[in-house]
Each structure stands twice: as structure tokens, then as C-alpha cells.
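Enquirer: Below, each chain spelled out in residue letters.
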Amino acid sequence: MHKSWMKRQSRLGYLFIGPNMIGVLLFFIIPAVYSFYLMFTDYKFMSPETHFVGLDNIRRMLNDDLFGVALRNTIVFLLAVPISMGLAFIVAVALNKSVYWQKTLRALYFMPYITSGVAIAFVWMLLFQPTSGPINGFLRGIGITNPPGWLSTTEWSMYAIDIIWIWFMLGYNMIIYLAALQEIPEELVEAAKIDGARPWQTIRQVIWPLVSPTTFLLLITGLIMTIKNFGIIQAITQGGPGNSTTVLSLFIYQNAFRYYEMGYAAAISWALFAIIMVFTVLQWVGQKRWVHY
Amino acid sequence: MEKSIAANAKPTAPHAPKGKFRMESLTQIRRIILTLLMSGFALLMIMPFIWMISTSFKSPADVFTYPIQWIPSSLNWEHHIKVWSGADTFATYYLNSLKISLISTIGAVFLSAFAAYGFARIQFKGRETLFLIYLSMMMVPPQVLFVPKFLMFEWVGIYNTHWALILPGMFTIFGVFMLRQFFLSVPSEISEAAFIDGAGHLRIFFRLILPLAKPALATLAIIDFSWHWNDYENALVFLIDKDLYTVPLGLQNFILENNVDYNGMMAAATAGIIPMIIVFLVGQHYIIQGVAGSAVKG
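Protein chains in written order, with our numbering: chain A, 1 to 293; chain B, 1001 to 1298.
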């Protein structure tokens, strides 16, 4: 009786999960295995012959100057994450209790995150226009006679991308911080006030430590989200000028679909996976240590 | 002891309201200042949107005037007309995007709900292992999958068709994960009562759990739809023909072909963003709840 019940349960379980499992198998698991295989081949799209090359692609990657450039650009790109989080924390604290129109303001800050995509990337492209765009117009207006060339120069292009990304992520980080702030017991903040703590001290010594698990979570998920993204950069600069905005994820795309070096691209994509893996392990370890209340 | 505190407190009582009043008006002033400050910063945040819409109505000569002309001196509709007419019209891109986003989203919500129910509510052999495999797939970046998917789609013959976006779009691991969390939070007594009444899992799923999960389903639907609508990367990899283009690709195409027509570019960008602004205004509550909930619970 029990055994047949278990059997029925199993059948039902797979009935519910089955349809989804087929898709996950076809569009995630099989491609992942296939890509793992491609990493060890010199596969080029449309080329008649493919050879097993062992670790050649990984060796090539480690000796590829462009890989180094892409890695450096990626690190600069990732800098946007903590900066955006810092700003978001300030906004969240300000919006949490001490302003009017809280809901409207919250929606306005969040808007870039939900509406953003390639469309808004093109708007930023014009905003950053070096000779007469609004941003440099403003900078000249306040007395900076020689404002940066932003997306058209190799020195500034990555920072311009960072600014767009900070703007994009701010609302997301703020929403999560707000949710965390709302879970802080009122009494703790009140107690600090009664003890004579100034608002600034309360934020630094009471609120900031209490949201540290959220900060950690946001940092890791933000880094992962950022390192995977290439749409905005591909749309505005295609990695240029020069290779100044070629980040790792874009570098993979270019190798695969511009040069059709698909075996090589697969190898770099697994390097990207390895980095994400490191972040994820950090998150597992960190979650155990940091969640302390 | 208690009595003495009460006795001590009493004489100061008449002063208290006055002090409290001063404190309160002070915090009120502080609150107004902070509100103004935060509103100013919020305005800065949405400035790109305002600039985009305003530029789309300007005349070409006014695009880069400084100080910025926020309200165009005359309303020029011709840029919007250009975007919506001709051979490469945004009407085609809209229809394509709408078709892909809607079918993908509906499929994704149902398929995720089914799987999530299985993971959350049915005990069976291999469930935990299977769920671990799902979770591990969340770590695999799309860049790993692009090349093999491209080769597979080529081989099957759905490359350069909308199916290349719709079919994979119907499967979201995030969706399964999110709905599973929700189903786990529904008390088991509810379904146990139904079991005793002789209902099976299928009936419980459709009659009990799905109606209860409406807010969670709505959240997933809105977030998923916005992903599909904004999805540029997949369309870039899997579509070539112009008449198949989605809005992001159409936009890119427009900008490549009209790279000095700044007004037209902003009219096109407006066309791309307006639907998302509408979705956001309508579904704001669900979106914010969903985003906040998904991350805090890990």
C-alpha cells in the first residue's frame, strides 16, 4: 500500500515537473554540456574540419593580450556595483521614514531599472555627446573648460559606461535596502536616539551593521549580474573605441559571432563561469558568517 | 521605587508638551528639507527620460542648445511619424516583440508554476537532486549557452525564426525558484483538508494553490515580460531578417541608418520605452514586492 502510494507520488511529481524539465534539458543542460565539449576543440563555424585540441584554447586565452584587456575593463565595470550600492543605501535611509511622498519617490528611483534596455542606452549616448551634449554643456556651464570626451575616448569610455550602470542599478539596490531597513526593529533605533546618538551615528553604528547581510548579498548578486551583461555596451560602443570597453562577456560574444571562433569563445565563457562560481561560493560561505540576527 | 519615578516625573510634565512641540516642528522642517533634496535627486534620475521625450519633439537645431530646452519651442511630430512609417516601421517591431514576449511569458508562468508545485508540494524520489541541478543551472552565464544554442537552432531549423526566442523563453529557472518559495509558504493544512475530501494533486493545484498564488504569478509575469521586451542579446544572436526584428533590434537598426538624426533617434527610443513605462505604472506594486521579496529571502 505504502509502496504503491510512493510510486504514485513519484509519477505525479514527474508529471508536474516534466514539461519544465524537458525545456531545461534542451535549453540549459544539453547546451552547457555541448559548450564544455567545444572548449576543447578548434571549432569554427562553417569550417569543414574540427579537431580536438586539448587545453590549447585555455593556453591561447592566457596568452591573449585582449583577454587581459577585457579582464581589466571588466574590473572597472564591476566598480559600478559598490558605488551604486553606496548611493542606494543613502537614498534608502532617507526614504525609509523621514520624507513625504515616499511611494512616488521610490517609484521614480526604481524606474531606470525596469524600463531600461537598449533604448535608454542610446539616450545616454547622446547625453554624453562630447562636443555639445547636455552633460558636457553642463560641465562647461559650471566652469570646466575641458570636459572629458566620454564614450568617444579610450580613457573615459569605461567610466561613462560605469555611470550608466550606476544609474541603472541604483533603484534595484534601493528597493532591497528599503526592504531590509523595514525589518530593523523600531526599538533599536529609538534606543540609540534616547542614548543621545546623532542621526549620523545611528546610521553608522546601528543601521549599517544591521543591514550588512543585505549589503553582502547585494554585492555578490550585483557583481554576477554585471559580469554577465553586455547588451548596453554592445549597443553603444561595440567594445570601442579601440578595445576600451570590451568587457569579458562582450569579448566572448565577439569571438563567437564576429570571428566565429566558437571553440575559443566556449573556453572564455567557461572562464566567466569560473569567476561566477567563485562569487557564488563566497556567497555561500558569507551567508553562514554574516547573517547574525 | 516606581512611585518615586512617577512622583519625579510629574513636576516636569507641564513643560513636556512645549518641548515636544518644538522637537516636532524641527523634525518637520528637517523632513521637508530632506523631501526636497530627495525629489531633486529623483528628478536627476529620470532626467534621461524627460530629455529623450522632449528631444523627440524638438527641431533638429534645438537638440543641443544650452541651457537645455526642456520644453520644445514647437511640437514636431514628424520624427515620430518617421519612426512609425516607411519600410522599417516600428509597427512591425512592436508586433514581433509583443508576440514573442506574450507567448514566452504565458508559457513561462504556467510551466514554472507546474514545476514549482512539484518541487514544493510533492514528495518523490530524486526531488532534491533535481532541484540542485536546477539551481546549478542558474550559475551558468548565457554566454556559455549562446554558441551551442546557435548551432542547435541552426541544425533544427529554427535559427532566424521567432521560435528561437519563444521556445527557450518559456523556461525560466528563476521563475521556478521564486514560485517554489511562494508555494512553500502556503500552509500544508490547506491542502491536507482537501486531500481528506478526496481531491488529488491536480485539483488542488488548479482549484486551491493557483488562485492563492495570483499575486506571485502576476509578479513573475510582469518581471518576465519586461525581460522579454528588453531582451536584446538573444535577438541579436538568433535573428537576422529585418522583418523578424524585435523592438531593441529595430531600434539599433534605426540608429545605424539614421545616425545623425538625433530627434528621430529619441523618437525611436521613446517608442521602445513607453510600453515599459506603462507596464511599470500599472504593475508597480507587484514589481517592487517581487524584487524586494526575491532578494531578501535569498
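Treat each hint with caution, since some may be false.
Restricting the straight-line Cα-Cα distance to at most 16 Å, the calculated cross-link-like pairs of lysine to aspartate or glutamate (EDC-like) are [what the hints assert, rightly or not]:
{"no.": "1", "chain 1": "A", "residue 1": "K97", "chain 2": "B", "residue 2": "E1024"}
{"no.": "2", "chain 1": "A", "residue 1": "K193", "chain 2": "B", "residue 2": "E1154"}
{"no.": "3", "chain 1": "A", "residue 1": "K97", "chain 2": "A", "residue 2": "E155"}
{"no.": "4", "chain 1": "A", "residue 1": "K44", "chain 2": "B", "residue 2": "E1154"}
Hint data in this document are derived by calculation from the structure and do not stem from the laboratory. Remember, predicted model here, so these are calculated numbers, not experimental data.
Enquirer: So, for every hint listed, does it hold in this structure?
Expert: Outcome of the hint check:
1. This hinted pair checks out: K97 (chain A) and E1024 (chain B) have alpha carbons roughly 14 Å apart, not beyond 16 Å.
2. Among the hinted pairs, K193 (chain A) with E1154 (chain B) is inconsistent with the structure: their alpha-carbon atoms are about 65 Å apart, more than 16 Å.
3. For a cut-off of 16 Å, the pair hint linking K97 (chain A) to E155 (chain A) is broken: about 41 Å separates their Cα positions.
4. Taken as a hint, the K44 (chain A) and E1154 (chain B) pair is honoured in the structure, with Cα atoms around 14 Å apart against an allowance of 16 Å.
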